[in-house]
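From first to last, the protein sequence lines stand for chains A, B, C and D. Position one of the first sequence corresponds to residue 1 (the working numbering), numbered consecutively onward. Position one of the second sequence corresponds to residue 1 (the working numbering), numbered consecutively onward. Position one of the third sequence corresponds to residue 1 (the working numbering), numbered consecutively onward. Position one of the fourth sequence corresponds to residue 1 (the working numbering), numbered consecutively onward.
The hints are simulated quantities; they were obtained by calculation from the structure and are not laboratory data. Some hints here could point you the wrong way.
Repeated chains share a single entry, so a pair holds when one copy, or any two copies, can fit it.
[Said to hold, decoys possible] Using 20 Å as the maximum straight-line C-alpha spacing, the simulated EDC-like pairs for lysine to aspartate or glutamate come out as follows:
1. K156 x E187
2. K260 x D119
3. K287 x D5
4. K260 x D244
5. K156 x D83
6. K101 x D244
7. K260 x E117
8. K287 x E168
9. K156 x D16
10. K260 x D43
11. K287 x E66
Number of protein chains: 4
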Amino acid sequence: MTVPDRRYVIIFGCPDRTGIVARIATFLADAGGWIVEAAYHTDPDTGWFFTRQEVLAGSLPYGIAELRNRFGAVAGQLAVQSDWSITDTAERRRVVILVSKEGHCLYDLLGRVASGELDVDVSAVVGNHPDLAEVTRAHRIPFHHVPFPAGDPEEKAAAFGQLRQLVEASRPHAIVLARFMQILPTELCAQWTGRALNIHHSFLPSFVGARPYHQAHRRGVKLIGATCHYVTAELDAGPIVEQDVIRVGHGDSIADLVRKGRDIEKVVLARGLRWHLENRILVHGNKTVVF
Amino acid sequence: MTVPDRRYVIIFGCPDRTGIVARIATFLADAGGWIVEAAYHTDPDTGWFFTRQEVLAGSLPYGIAELRNRFGAVAGQLAVQSDWSITDTAERRRVVILVSKEGHCLYDLLGRVASGELDVDVSAVVGNHPDLAEVTRAHRIPFHHVPFPAGDPEEKAAAFGQLRQLVEASRPHAIVLARFMQILPTELCAQWTGRALNIHHSFLPSFVGARPYHQAHRRGVKLIGATCHYVTAELDAGPIVEQDVIRVGHGDSIADLVRKGRDIEKVVLARGLRWHLENRILVHGNKTVVF
Amino acid sequence: MTVPDRRYVIIFGCPDRTGIVARIATFLADAGGWIVEAAYHTDPDTGWFFTRQEVLAGSLPYGIAELRNRFGAVAGQLAVQSDWSITDTAERRRVVILVSKEGHCLYDLLGRVASGELDVDVSAVVGNHPDLAEVTRAHRIPFHHVPFPAGDPEEKAAAFGQLRQLVEASRPHAIVLARFMQILPTELCAQWTGRALNIHHSFLPSFVGARPYHQAHRRGVKLIGATCHYVTAELDAGPIVEQDVIRVGHGDSIADLVRKGRDIEKVVLARGLRWHLENRILVHGNKTVVF
Amino acid sequence: MTVPDRRYVIIFGCPDRTGIVARIATFLADAGGWIVEAAYHTDPDTGWFFTRQEVLAGSLPYGIAELRNRFGAVAGQLAVQSDWSITDTAERRRVVILVSKEGHCLYDLLGRVASGELDVDVSAVVGNHPDLAEVTRAHRIPFHHVPFPAGDPEEKAAAFGQLRQLVEASRPHAIVLARFMQILPTELCAQWTGRALNIHHSFLPSFVGARPYHQAHRRGVKLIGATCHYVTAELDAGPIVEQDVIRVGHGDSIADLVRKGRDIEKVVLARGLRWHLENRILVHGNKTVVF
Chain A
1 MTVPDRRYVI
11 IFGCPDRTGI
21 VARIATFLAD
31 AGGWIVEAAY
41 HTDPDTGWFF
51 TRQEVLAGSL
61 PYGIAELRNR
71 FGAVAGQLAV
81 QSDWSITDTA
91 ERRRVVILVS
101 KEGHCLYDLL
111 GRVASGELDV
121 DVSAVVGNHP
131 DLAEVTRAHR
141 IPFHHVPFPA
151 GDPEEKAAAF
161 GQLRQLVEAS
171 RPHAIVLARF
181 MQILPTELCA
191 QWTGRALNIH
201 HSFLPSFVGA
211 RPYHQAHRRG
221 VKLIGATCHY
231 VTAELDAGPI
241 VEQDVIRVGH
251 GDSIADLVRK
261 GRDIEKVVLA
271 RGLRWHLENR
281 ILVHGNKTVV
291 F
Chain B
1 MTVPDRRYVI
11 IFGCPDRTGI
21 VARIATFLAD
31 AGGWIVEAAY
41 HTDPDTGWFF
51 TRQEVLAGSL
61 PYGIAELRNR
71 FGAVAGQLAV
81 QSDWSITDTA
91 ERRRVVILVS
101 KEGHCLYDLL
111 GRVASGELDV
121 DVSAVVGNHP
131 DLAEVTRAHR
141 IPFHHVPFPA
151 GDPEEKAAAF
161 GQLRQLVEAS
171 RPHAIVLARF
181 MQILPTELCA
191 QWTGRALNIH
201 HSFLPSFVGA
211 RPYHQAHRRG
221 VKLIGATCHY
231 VTAELDAGPI
241 VEQDVIRVGH
251 GDSIADLVRK
261 GRDIEKVVLA
271 RGLRWHLENR
281 ILVHGNKTVV
291 F
Chain C
1 MTVPDRRYVI
11 IFGCPDRTGI
21 VARIATFLAD
31 AGGWIVEAAY
41 HTDPDTGWFF
51 TRQEVLAGSL
61 PYGIAELRNR
71 FGAVAGQLAV
81 QSDWSITDTA
91 ERRRVVILVS
101 KEGHCLYDLL
111 GRVASGELDV
121 DVSAVVGNHP
131 DLAEVTRAHR
141 IPFHHVPFPA
151 GDPEEKAAAF
161 GQLRQLVEAS
171 RPHAIVLARF
181 MQILPTELCA
191 QWTGRALNIH
201 HSFLPSFVGA
211 RPYHQAHRRG
221 VKLIGATCHY
231 VTAELDAGPI
241 VEQDVIRVGH
251 GDSIADLVRK
261 GRDIEKVVLA
271 RGLRWHLENR
281 ILVHGNKTVV
291 F
Chain D
1 MTVPDRRYVI
11 IFGCPDRTGI
21 VARIATFLAD
31 AGGWIVEAAY
41 HTDPDTGWFF
51 TRQEVLAGSL
61 PYGIAELRNR
71 FGAVAGQLAV
81 QSDWSITDTA
91 ERRRVVILVS
101 KEGHCLYDLL
111 GRVASGELDV
121 DVSAVVGNHP
131 DLAEVTRAHR
141 IPFHHVPFPA
151 GDPEEKAAAF
161 GQLRQLVEAS
171 RPHAIVLARF
181 MQILPTELCA
191 QWTGRALNIH
201 HSFLPSFVGA
211 RPYHQAHRRG
221 VKLIGATCHY
231 VTAELDAGPI
241 VEQDVIRVGH
251 GDSIADLVRK
261 GRDIEKVVLA
271 RGLRWHLENR
281 ILVHGNKTVV
291 F
């Protein structure tokens, strides 16, 4: 693995008007900033402009704090209302993974981390079942078992409180629901807005909720899919990040759908997580721009 | 185009038990029948057995009438309740196509017919708008314009009556709704059961009903699809024959989805129609076996 | 079909350096130019920078001639050596299509033109066989039959001379080899560089040359493909524009590969032609940037 | 994981003639055999007939030894020359995996084994580098490091001798070259015929040999692929078992191709291995039938 050049990633969005690109590009050019990657999009429905730019850190005469200061002034000139952020690719990303019993997404993510493909710190894995403790610890990652008793709302609330503490302890850039089979309470969804990624084992909006492969089998679809989306309070209805499908036929049992679907779930979640950590995903309303 | 060998296509279904394959295969072998293609499936949920066999017509010492006689006796021995049919690939298939204004599926089907890829007689094209009359007639196929006045239920019923007559006149093997934008009345659905194929411009069961690309755009999906299904009384809920998808992104407008989707609609409909005319599709409940 | 807003499409390439985007964007912003779409790329191997920008024609205070004048000055400041062009989406594109006997790509393109999806003038279709004359003329497009006698090099050269004249007569933006089964002589390749698009019925670089489906069948591949590429003097070795594949299996005969492959050929060629006519393809060495 | 019903898998091939299916099916029916899955194919080029049948073990009145005895007699009646085998799904499959430094395929396979998806014994992992020892041993699987010194042919031959011993020690049903970067000598290829599966990181027959992603990048293809094939003496030219592709673009560096390609390599190898262990692959000449 070669270490890629350190970069600052600028994300900016505001109501579209003439001259935004010119203003930002000139600001960067005046400072000697070398733009390595740039992408633009305007949403025609809302008239909102989006850009993402990667600048070589070493090409600027100042650091990220000063870049933020100066870019903030530019942003203020461009629009009264704007969304922007600047991140440093040298800052190591922290990820917390939530699991239940199904391990394929966890195995896949840990394999990517171990082989260096996914260059992040997995701060912790939290499971509402203990099944995946051993594989997690074999990767020298802390595993926390937080049981979620069925039935008693108070005990469930306490479990979510514990989950929240364990997650927040590492201030993660991403909270990955890797086939985590508990529905997050509204306040956790709100608190983790834009950071919590779920993998749903269907091609949304088809087959929301429980046992989507059973639903797919009953309907007789000829392709099954998986969807990576940001978690929101409404179940399986958050902004879609990535989807993919695989062909099935009349000879495939539900068990076959489950098995074939896993390969799609794994790659869809891994792609979504990578894009999220590279700050490639801009959420706008209930949709995503993926640069 | 070489003419393929003439074949008899045997479709048979009954409750599964030991010895069905042996009985049918022995019956054919005893007559010298050369099996060119054979497929089997048992649905584990219902315990129903399905088979499709293609036999070289010239390998049998008798014709299709006698084959039906004799096979009927075999079928009666195998099960009290069975579904079966024997068709002759030399019998030319007749197709009626229903259209509205969108022409891409019609152009595609007519091109396949003209180039000999789809070796069928298109008996007629019926449109509730006159837009596609010219292209149809350029292919020397009769075009009938049956206007469907909005609002008046009696006039609409009369129009459907006229449509029915035009369709039935050629006793078609397939009635293809090639982006026909009228909902068939229940009695027509019933009468055309297993013969009427629709192309819906979404990946069903997502986005049933009107303007599915608009729905898909609003939801922000990352793939759009098309579904070929048999028409039933419940809108867009009939047995699915074939589906496919194509990737879209945040930069795609609704017009882009419409354009990209057309290429999927065309091939999905053409594949579904081919399989239907080759007697490859066995409907069982609300699902299909595609051999 | 709604008419899209008239746009000027700016293509620019030069050795990468700091400030190119700023200079171009500022030039456009100063004139009030509204950028509707913008894309950038730098090839790390050659250090060459590419951009494509769509500007609303009505947002500029002057026409395309003056835009070219002024942009030329900007380009001169940015680099000693640069490639650039500015085209007007209101200028109707002219296309000449070359065919032999196989009609599926021609049918497909003519259907797209007739339905308004592909908004171009097909100036002429030229065939070395007469088979596709009728369908062409049914679309009210001139068809020219130019026979290519096997064997005699002089007669062949004369035929290519006639072909060249017929093609050049309409000064086409694109020359589409829609399954044209003659190898263009080197001087025609040179003269039509960057304008002649071929569809090859394999996933290049596999199965160059004659009868690629036969080659694919012999090798036992599990997917077959099609490749749209610019024509160069070396057979099937020009810059690749677009490719796609479809799954095949042991049950598929060569005839099945031919039939399944057609659906891929059609869409791959149609996509490549659309991108070419929208000035989305930038050729660099033997590779393409597709914006 | 539910344990699937124990089955006997019958593979049979011989020159095609009338009555083969009848003979086999009658033989099974007479013994009360319940056929769970059946597939047939005849290769039109060679006139060779293939079938694969899964029979519920419990439905037969005798065991596998007697089934082999009796089926052998049937096979002898059907053809002078035939290939057949009968295997028992209850016999646990043994797999040896060969690796070098790239770990993604190994991680993927071990994850599938650990989660129970791939229900096999990995008897050993042998690496010509020690890099993947730790992950292997974390799964409680023996890892053997066999260094292959560059240059000295005698030392290399000795290393291959050691490799052979380590592999043969467990009499494996499959020898998986999971990105093993040494070319097997001809005699090992011969000895492991039909058991050694390789994953090649290109869409064969494109980009045979070393550094296929570099070759693909240079050629400017728009899709990259992976191929699982049986190992033969000719490099990357053995019978193809499975292939798949993924889309790439001008913005993808070689490192991006390597990363994106991994996801294809993993699933293509896993699918090929599953089919091999389920006795679904019949090799005929240099092609495969995959039932």
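Classify it for me, K101 with D244: is the Cα-Cα distance of at most 20 Å met within a copy, between copies, both or neither?
-> neither (23 Å within a copy, 30 Å between copies)
Checking K156 and D16: alpha-carbon separation at most 20 Å within a copy, between copies, both or neither?
-> Neither, since 45 Å and 48 Å both go past 20 Å.
Homomeric proximity label, K260 with E117: Cα distance no greater than 20 Å = Cα proximity of K260 and E117: across copies only (10 Å, versus 23 Å in one copy).
Copy assignment of K156 with E187, given that the CA separation must stay at most 20 Å = within (14 Å within a copy, 52 Å between copies)
Could you figure out if K287 and D5 sit no more than 20 Å apart (CA to CA) within one copy, between two copies, both or neither?
-> neither (31 Å within a copy, 25 Å between copies)
Alpha-carbon proximity between K287 and E168, which holds within one copy, between copies, both or neither at 20 Å = neither (26 Å within a copy, 47 Å between copies)
Within, between, both or neither, where K260 and D119 count as close if Cα-Cα is 20 Å or less = between (27 Å within a copy, 15 Å between copies)
Given identical chains, is K260 near D244, meaning Cα to Cα at most 20 Å, within a copy, between copies, both, or neither?
-> both (12 Å within a copy, 14 Å between copies)
Check K287 against E66 for me: Cα-Cα at most 20 Å, and say if that holds within a copy, between copies, both or neither.
-> neither (32 Å within a copy, 40 Å between copies)
Are the CA atoms of K260 and D43 at most 20 Å apart within a copy, between copies, both, or neither?
-> between (35 Å within a copy, 19 Å between copies)
Identical-chain pair category, K156 with D83, by Cα at 20 Å = So K156 and D83 fail the 20 Å test inside a copy (36 Å) and across (53 Å) alike.
Checked against the numbered hints given earlier, the structure breaks hints 3, 5, 6, 8, 9 and 11 and satisfies all the rest.
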